[in-house]
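For the record, the sequence lines run as chains H and R.
Take 0 as the starting number for the first sequence in numbering that gives the first Met the number 0 and just add one per residue.
Take 0 as the starting number for the second sequence in numbering that gives the first Met the number 0 and just add one per residue.
Keep in mind that the hints were calculated from the coordinates and are not lab data.
Treat each hint with caution, since some may be false.
[Stated by the list, open to error] Using 25 Å as the maximum straight-line C-alpha spacing, the simulated DSS-like pairs for lysine-lysine come out as follows: (1) R:Lys25 with H:Lys88; (2) H:Lys151 with R:Lys104; (3) R:Lys104 with H:Lys50; (4) H:Lys151 with R:Lys191; (5) H:Lys62 with R:Lys25; (6) H:Lys50 with R:Lys25; (7) R:Lys264 with R:Lys191.
Take a look at the letters that make up each chain.
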Amino acid sequence: MGRAEEDVLTVVGDSLQGLLRLPVDLLDPIPIPQHTFMEERNQYNAMGIIKFMDQEYPANPVKILGVTRADLCNPILTYVFGEAYMGGKSAVMSYARLHLGEANKFVSREQFLDRVVKVAIHEIGHTFNLPHCHQGRCVMRPSNTIPDLDSKLNYLCPYCELFLFEALSALLRGR
Amino acid sequence: MNAKNRFMVVDDELIVRESLAAWLEKENAVVDRAESGEQALDFMQQNLYDILFVDIKMPGMGGMALLEKVKKSFPTTVVVIITAYGTVEHAVQAMKLGADDFLVKPFDPEGLGLLVTKLLEHKRLLEETHYLRSEITKCWGGTDEIVGRSRPMLELFDTIMEIAPSESSVLILGETGTGKELIARAIHAHSKRMGGPFVPINCGAIPESLMESEVFGHERGSFTGADRPKKGLIEVAKGGTLFLDEVGEITPKMQVDLLRVLQDKAFYRVGGVDPIQADFRLISATHRDLTQEIAAGTFRQDFFYRINVITLRVPALRERKEDIPILASYFLKKIAVETNRPVDSIQEEAMRILVEHDWPGNIRELQNVVERAVVTAKKTVIGPDAFAYLNPQAHGPSIDSDSRSLRHVEMNHIRRILEEEEWNISRAAKILEVDRSTLHNKIRKYGLKRAGDTPL
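If we strip away everything but chain R, and leave its shape as in the complex, we get:
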């Protein structure tokens, strides 16, 4: 059921093309034949090839020129140079240019068989390395990347270790910014699939029209603009983990398609007719309440049961306040290094403001707040002033316990602008695009005052 290997034989001699292609076809591969370098490049626009067998001497574009072009545009395609007996020095030159191996005509049948097996394995490793290089920095951490010593987090670490080795689908629930992707990466890093790729898909960020071809891949010509075949993310995730972030955003049609993949363990590229084996572990995450979505009919119950074999809940930051100092110090060090700022600690009083804050945006918000403080810091220690805008109690009565309310946002915004403008009402009103009397009314309404002043 695996997709067949695809080879191309590029040789101006028909007899060589035919013999080599006939031999390769017996290995159940699809083999294309090109009689010139130019024709080979045309074919490469249409199909992905595993191995190219290229004659070094051809009229027009020779084997060397083709080799150079292929290695530039399709670095993971393996190229074998074919030379005639007595021109081995050309082969050496070709190897210097990046050819993966060479064959001297006529070849020993045993050698050809071993060469093809070796090169296919080499190509698989090339693709894997290519992918891992891009992923390795993100994936290496495992649970080390997740900071926290609170009871809910320690319980979460235990659960991750427990469930990681199984193959069951995992659904991670948690508010936005709680680090759901880090948890998914940690599960992957401790699973049997650790050696395979971790492929995250942000379902909310990919336009609906592109989602299908992103996930399943497509064949050439399956729609306007599909000028070459493309592997889908499910195919890329072979042997690894597929992470569907914001799974609640998936359209009902896509839910049906994914459900089919999970049931049949096989899928088709868009416009493709050959089934491709799916081999991945699924981890999904959402901040939504999917049971409500099911009741509302926007999320399929059968799909939900497939993705929700194991459920993990990542606690919100306000539920693990004891982790805030550790997290804040962690971000401080990280950001200070990244931005090359000589900031090394947060004053105790400032830390208290952070601990008392409600963190509707969770860890992501905390990271942003610390980053802002580091970037604007004028001393090596961050004082409470840097976080004053977070804590309404320091400047006025708490008006609304829900810091995400519109009133709260408006109040904070007005206070920030006033402070930036050193309480110059005219300038602040101009920035806020209201007239001065309106601004005075708002200041009275929210009980805002200048630090050290009596209320207006």
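Only chain H is shown next, with the shape it has when bound in the complex:
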């Protein structure tokens, strides 16, 4: 959504394809809907974007993830790395805050992309009804800060993986 960098889109697509074992299509970029811009906060409302995507892509894909470099928030939170409704169809993630590390220095591209993957899997996990997981360092652990994000792994724990595949097969059976 808007101008997203190619390697970001590729790594997100590849990691979701690896996780879900389903084809992932990279769609042409579209502008972020202007009505979701919150002028007083200079951020976009992630929940508004999700609603827009639900309406824009009603039929075919199992799930859809919007990726943007713009900073996101929601009506009650000052910022979010990503947003999704439990069991929803669409999710959105931003990498606006994922570049910086300690003392506001840029982190390596690998570390940045690793963060991107974690946020992408986490939000898509919510769309498959996975709640926050407090088992070890599962990617579904809540992460509200960059250190939280860095301390977790970029994959699901065995429990979340099992629940994800149950939800996925139920979804595919129903189609």
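Since chain H is already given, all that's left is putting chain R on it; use the hints.
Just chain R, lined up with the frame of chain H:
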């Protein structure tokens, strides 16, 4: 498997309700949304909530009014007030009214996460404190509450200390009034579960029809009159000890249900569909001979084996007569203080009567006898007269060694009434509702005599 947390977001703005509820749902909680204070109160009649997030400004009943009502009717429900930036003074006011915390819109995501974790822990502590306050006076004593220096009691104390730290089920046997519940409390007080609640259930006192919902709890609407969900005693006993007093009175159906809980370590509320984890140590007590009940088919053998991993037998008072003076003095002091009577000791001769008595009602009977003596005492020392009615030998021949026989009871009763009426036969006969000749016959039959008189 634990029951999910239940939250409610009360806000007139749909967008806030939706965002906050969506965030909370990711924490695997059940979240209800109310658009007004009135609707929130309606929901509260139907469900128990852990945390309420309440917007301070709403049309109709505002956040403050809702806060006041909730804190009055559901004191353990945590309330977080939501205010907009710039109206923090309202939040301060809300905290004064009992709000547990407040959030200023928009919140920092990290802060919200920490707040919810902190408040859930706070709520758990509130519930625990609430329960402990009611229990603490009863539970604190441990073995200190149990009076006795006789060999059987010292052995019992040793056994309590030995078995208390284990998690095994305990069955306490003993006649009525021997202090089985005190023993159970002492085991609890010395166990690893000491910090958890001690929940006694008197199985004989709860009507059969109520027992199920008392023990397992119920969901709203599971039967007529279940107008709100209720936690069962098993749920309340989480992390502590469940004490089933008079376990011999439990119906066969209930035995099956409890057996299932003990085997599966999980149970369902009446009308509920989600299993709830059971986490308690079971102590049971009975004055009945359960092996006979098993033979008669009224008590299930498999249930018996589950509750009877360790057996404790509490001796009857007549088996530890050397403890009677200590117990009597203990009760005397306790009751004298409670009733504010200036009574301080029992004469030696009076004490002998107590020691010689058979005590079919055990310690409870002894306590009642001492209480009666203290309350009616006219001097600071209790003399043998106060206990004369206990000892038939002082006034006439012992007719029956079993003091619980009907003859014995009748004889004692007639003697008491005669003494109360100063041996006026007409008045005594009237009270006893027999005619005078019948009363004369009874007096002759039991060899009753007036103190200082020759037998009639």
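Okay, the hints, checked on the actual structure:
1. R:Lys25 with H:Lys88: Answer holds: Lys25 (chain R) to Lys88 (chain H) is near 15 Å, not above 25 Å.
2. H:Lys151 with R:Lys104: violated, 28 Å
3. R:Lys104 with H:Lys50: Satisfied, since the Cα-Cα distance of roughly 22 Å is no more than 25 Å.
4. H:Lys151 with R:Lys191: Violated - the C-alpha atoms of Lys191 (chain R) and Lys151 (chain H) are around 35 Å apart, more than 25 Å.
5. H:Lys62 with R:Lys25: holds, 18 Å
6. H:Lys50 with R:Lys25: holds, 18 Å
7. R:Lys264 with R:Lys191: holds, 18 Å
When held up to the earlier numbered hints, the structure conflicts with 2 and 4 and fits the remainder.
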